[in-house]
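Peer 1: Quick note, the sequences are listed as chains A and B, same order.
Take 1 as the starting number for the first sequence in this note's numbering and just add one per residue.
Take 1 as the starting number for the second sequence in this note's numbering and just add one per residue.
Please note: incorrect hints may appear among the correct ones.
As the list claims (entries may be wrong) - In silico lysine to aspartate or glutamate, EDC-like type, Cα no more than 16 Å apart, as pairs:
1. Lys54(B) with Asp118(A)
2. Lys9(A) with Glu31(A)
3. Lys9(A) with Asp126(A)
4. Lys9(A) with Asp116(A)
5. Lys54(B) with Glu119(A)
6. Lys9(A) with Glu96(A)
7. Lys54(B) with Glu125(A)
8. Lys9(A) with Glu72(A)
Hint data in this document are derived by calculation from the structure and do not stem from the laboratory.
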Amino acid sequence: MENAQAARKHIFVINGAPEFLNLMRDLFQGERYNVTTTNFVPNSYAQIAALQPDVLVIDIVVGHTAGWELLERLHEEAATSGIPALVISTSPLLLERAQEQADRYGGNAYISKPFDIDEMLDAIEDLIGSA
Amino acid sequence: MDIEQLRHELNTPVTIVHLRIQVLQRRLARREGLTEESRLWLEDELATLLVAVKSLGEVIAAMPGSSDPDQFVATISGGREVRRNMPDHPETVSRK
């Protein structure tokens, strides 16, 4: 059992909405992932660097800069630059811009909300497989 | 409220409902101990809800609005802070 627990992949979800974080926790635990969720807080970067998750799921929120800033730092810093990031947003336009600037922000896959869960799980498995 | 802000405000709860229905569908598929009748009824109810919320999402996506990301972000945010931190216009498009 301990080995099975250790073999589970770890997903780190960053989002400003508590209800979305609860949902992601329910989903990923049900899918046998380890999951950590957090709001955009000043120590989000330190948490991610310490935990070294297998995949990040990060929201680019309309009207706020926290997602962009965190993405850029994660991409810049050696300790976190290798962690693949799935970028999500309610705005296809923001996703388009993030994708165009992937060299700067380090996104690896992009999904517009609302989305099908299978689509997101497939993207996460692809990111884990390519890491 | 601007149309783009309205779109964002509508999309947020629609996303939650849309995802929650899917999570419930997955849980139901794994759940043991339900009668076949109960399972079928719940599957039908959730499928109906999913179709309805998807339709709502499609209506929101089809709402008219700006197609310019800069104008869009400026409109939503009041401009200055987010625009300062938004990516520059790209010279290359890449997808890893």
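Peer 1: Does each hint hold? Answer for all of them.
Peer 2: Okay, the hints, checked on the actual structure:
1. Distance restraint check for lysine 54(B) and aspartate 118(A): the Cα-Cα separation of roughly 15 Å lies within the 16 Å cut-off, and the hinted pair is therefore satisfied.
2. The suggested pairing of lysine 9(A) with glutamate 31(A) holds, with an alpha-carbon distance near 10 Å, which does not exceed 16 Å.
3. Only pairs whose Cα atoms come within 16 Å are accepted, and lysine 9(A) paired with aspartate 126(A) is accepted, the gap being roughly 13 Å.
4. Of the supplied pair hints, the one linking lysine 9(A) and aspartate 116(A) is violated, its CA atoms being roughly 21 Å apart against a limit of 16 Å.
5. For the hint linking lysine 54(B) to glutamate 119(A), the alpha-carbon distance of about 15 Å falls within 16 Å, and the restraint holds.
6. Distance check on the hinted pair: lysine 9(A) and glutamate 96(A) sit about 28 Å apart at the alpha-carbon level, beyond 16 Å; violated.
7. As the CA atoms of lysine 54(B) and glutamate 125(A) are separated by approximately 24 Å, the hinted pair breaks the 16 Å bound.
8. Taken as a hint, the lysine 9(A) and glutamate 72(A) pair is broken in the structure, with Cα atoms around 24 Å apart against an allowance of 16 Å.
Of the numbered hints stated above, those contradicted by the structure are hints 4, 6, 7, 8, listed in ascending order.
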